[in-house]
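From first to last, the protein sequence lines are chains A and B. Under the working numbering, the first residue of the first sequence carries the number -11, and numbering increases by one thereafter. Under the working numbering, the first residue of the second sequence carries the number 221, and numbering increases by one thereafter.
The hints are simulated quantities; they were obtained by calculation from the structure and are not laboratory data. Every value quoted in this text rests on a predicted model; they were computed, and no experiment measured them. Be aware that a few hints might be false.
[Stated by the list, open to error] Partial list, derived from the structure: chain A residues whose beta carbon lies under 8 Å from chain B: (1) Pro66; (2) Phe80; (3) Gly81; (4) Ile206; (5) Ile260; (6) Met263.
Built from N, CA and C at the ideal position, the CB exists for glycine as well.
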Amino acid sequence: MDYTLHLIVLVLIYASLVVSLDLLIGHTGILSFAHAAFYGIGAYATASLTVYGGWDWFSAMVAAVVITAAIAALVGIPTLRLGGDYFILAMFGFQLIVITLILNLEPITNGPFGIRNVPRPSIGSFQVQSGFGMALFVAAVTGIVFWVHWRFARSPMKAMLHAIRDDETVAMALGIDVVRTKIVVFAIGAGFAALSGSLMAFYFRYVTANSFVLSTIILLWAMLFVGGSCSIAGAIAGPAILVLFPELFRFVGGEGLDIPNIQEALYGLLLILVMIFRPQGLAGRRAG
Amino acid sequence: MLLLQLFINGLASGAIYALTAVGFALIYNGTRIFHIAHGAVFTFGGYALYLFALPLGLPWIVALPAAVIATAAFGALMDTLVYRPLRKRGTGPAGMFIASIGALTFAQAMYSLVFGTDTLNLRKGGLPTFDVGEVTVTAVHVIAALVALIVFPVLQLFLTRTRWGRAIRALADNPRLAVVRGIDAERLYIVIFALGSALAGLAVVIIAFDLGVRPDMGFSVMFVALVAVIVGGVGYLPGAAAGGFLLGITQSLSLWQLSGRWQDVVVFGALLAFLVFRPQGIFGHMLVTRRV
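So that you can see chain A by itself, here it is in the shape it has in the complex (with noise of 0.2 Å):
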């Protein structure tokens, strides 16, 4: 039971990141390479701040969110008006360089250590402790990602970030100013990611570089394009799907087996056959 609630936790988290990565794939065409750095920022600047800040979790989420936000509109200013190869190759290096960071910034991060006991969050008097308590919270978090999200998908903002998404040229003749509109967007998306982090910090209590290197971000981009862009459905069928498979090897006999690598291949080979075979995902509607 208390496994089973780990993996709903685990799908849950990935749910809410899946959700911010497709705000910036799905609907604006921004492809962030750097997805996993953001969630890092923002699990990093929350365990610090609660840990060695002494703040409480609130304000620690908060502040995580805005600085996260902060940093990305920040790298966004002068690379998210490049050409998209140019831009996956920036996000990249940034992704390599926060990674460096985080394992050579002692004072802050704790290195490759990485930061232990990130206080549980409570709410008045109360201490969510309990491993239950954390799943609800984790799901109410969530909850407001997707509502967010289910607002903004009707909304006409949408419209605009599907003009972007298609053809720049026309969205600026149509009079969208486009490099401010994808640095205010691609801010958001980092911010979300950073709120994710937290969720991540609280859930684990434990924070560690590992977390956030390039491999999360392979399973990020196969969570979504495997669910569906521009999907709610999809964004909870990914993440569902690539937290549970892998699951399956334990009742055929795991010992033995080299589990991770089995699953990074499963990964990749999924993402070339929804491509070939559907390229929209399980659940979404656009093609890739």
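For chain A, the structure is supplied; the task is to place chain B on it using the hints.
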């Protein structure tokens, strides 16, 4: 003298980056695919060399060229299995890129599953070295420099003087017009992939002979090579080569002041600086800016 030694080392690793970068740029210009799985093709060459040289026991003179040919074949196979079905569907650049990430992840995980994650060493004992003044030059330094000196002019001649080379450039310039003119694009894509992958194969056999083979060896080389392409100027092959040498030397010289763990930051700091201040690259003015 330390600086001169670092410079020589940087020149050798620069040659590796340059070969990989020119291979990537050739494929990118010719097919418009952001072929990030080039890194996995690179690593394949290392394992091919390992298989030919150790379990099969072929002499080096046979194993080295055989590994290069195997790498070229693997690159062409990847085009046939992954990119060709996507082209038939009319998939855009973003979809191609996602499939390419998939291919990279898949291949890298398979190498780990089949060969393990440890480094496999290909040679026993040290390399032959030559002392020139106070600087030590290894055989690998010399070979890397020689290969780069021979391959790049030959490639340039091939692309400008032969029928196939011209067809490749025509396809890169305007695919639709090239097809109208009677060029068999699908066949040419295979040639482009084989040629670009062969360049990666040349790079990997040199580095695999020197440092051994690991499942993730192609990954970091690939990304430095990508940066080299941008630093040199996208669309201009000699620029990619120059970018590779420049990054190899910069990375090596940075060891003078910084510890090795900052090397990624040096490379990608250079990338970000270029992207902000000179996105067309060093030689970018030589071609018309193209929408990607």
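Now for the hints, and whether the structure bears them out:
The interface hint given for proline 66(A) holds, since its Cβ lies 4 Å from the closest Cβ of chain B, which is under the 8 Å cut-off. Interface hint status for phenylalanine 80(A): upheld, as the beta-carbon distance to the closest one in chain B is roughly 7 Å, under 8 Å. Checking glycine 81(A) against chain B: minimum C-beta separation of about 3 Å stays under 8 Å; hint holds. A hinted interface residue such as isoleucine 206(A) counts as satisfied when its beta carbon comes closer than 8 Å to some beta carbon of chain B; here the least separation is about 5 Å, so the hint holds.
Look at isoleucine 260(A): its Cβ gets to within about 4 Å of chain B, closer than 8 Å, so that hint holds up. Restraint check, methionine 263(A) versus chain B: the minimum CB separation of about 4 Å is within 8 Å; hint holds.
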